[in-house]
Amino acid sequence: MAVGKRPLSPHLQIYRPQLTSVLSISHRITGVVLAAGFLLLVYWLNALASGDAAYAAALSLLGAWPVRLLLFVGTFAFFYHLANGIRHLWWDSGRGFEMSQVYASGWAVVVSAAVLTLLAWGVLLSGGAG
Amino acid sequence: MNLRSPLGRALGLGAAGNATHHWWQQRITAVALALLGTWFAICLLGLDLGDRAALAGWIARPLNAALLVVLVLTAAWHSQLGSRVIVEDYVHGTLKVPLLVALQFLHAVAAAIGVVAVLQIAIGGR
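If you read the protein sequences in the order shown, they are chains A and B. According to the working numbering, the first sequence holds residues 1 to 130 in order. According to the working numbering, the second sequence holds residues 1001 to 1126 in order.
Derived by calculation from the structure, the hints in this document are not laboratory data. Where a beta carbon is used, it is the ideal one built from N, C-alpha and C, also for glycine. Wrong hints could be hidden among the right ones.
Partial pick of chain A residues on the chain B-facing surface, computed with a CB cut under 8 Å [what the hints assert, rightly or not]:
#1 Ala49
#2 Tyr55
#3 Asp92
Take these sequences, add in the hints, and give me the full structure.
Written out as structure tokens, the structure reads:
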């Protein structure tokens, strides 16, 4: 049988999604989003270094509404990956593996990512903290 | 003549010969990015993103320029490590290796552009 056509044992689709599994795959998904975000950071730095006209063009692109929406999602991805990354580092120290702790830290990650995203955009839309 | 036993030479090497190297680099860059990312996010929120001269002036300060260079390089390395694992896990067949190579090239070029841009602003006075 050709590779790739072989039957697989029952996989992800037969399991009910749980907080633990959803947060786990979300870490990967937000990682991919942040890889795109890294390219955006480079684009932004490049526009900054390329002069006023180039930066104005970049600003009009980044300020467009569909792009703003993507940036909002990207901000959530940043805070989620940051919070869940800290959760992973905590696990790496061998702590926090009781089921109750895993769920508590999971919800803490979701809530803190949401709060930090709203906080950041609140500051951003009110014209910066400075 | 090598006096080490075959077992002694193989211990700790893992299947690919580099054991925990990838895993450890992912953690080191994760800790660095948690610090650098938080620093950069807070600084960005305090700056006027529409004012190019002010932004360039902020980047041109030695500490900011240095930390930005480290941020770009660390982010590129962390992203390279992570996206590599994702491709290795989900992409099989003829696309896998070309995609891995393309990802390495993309990250290397992006990192270089980022570093050059920061240096142009900081040293070149852009």
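Hint check:
The interface hint given for alanine 49/A holds, since its Cβ lies 4 Å from the closest Cβ of chain B, which is under the 8 Å cut-off. The beta carbon of tyrosine 55/A comes within 4 Å of a beta carbon in chain B, closer than 8 Å, and the hint placing it at the interface holds. Hint on aspartate 92/A holds. Least Cβ distance to chain B is approximately 6 Å, under the 8 Å limit.
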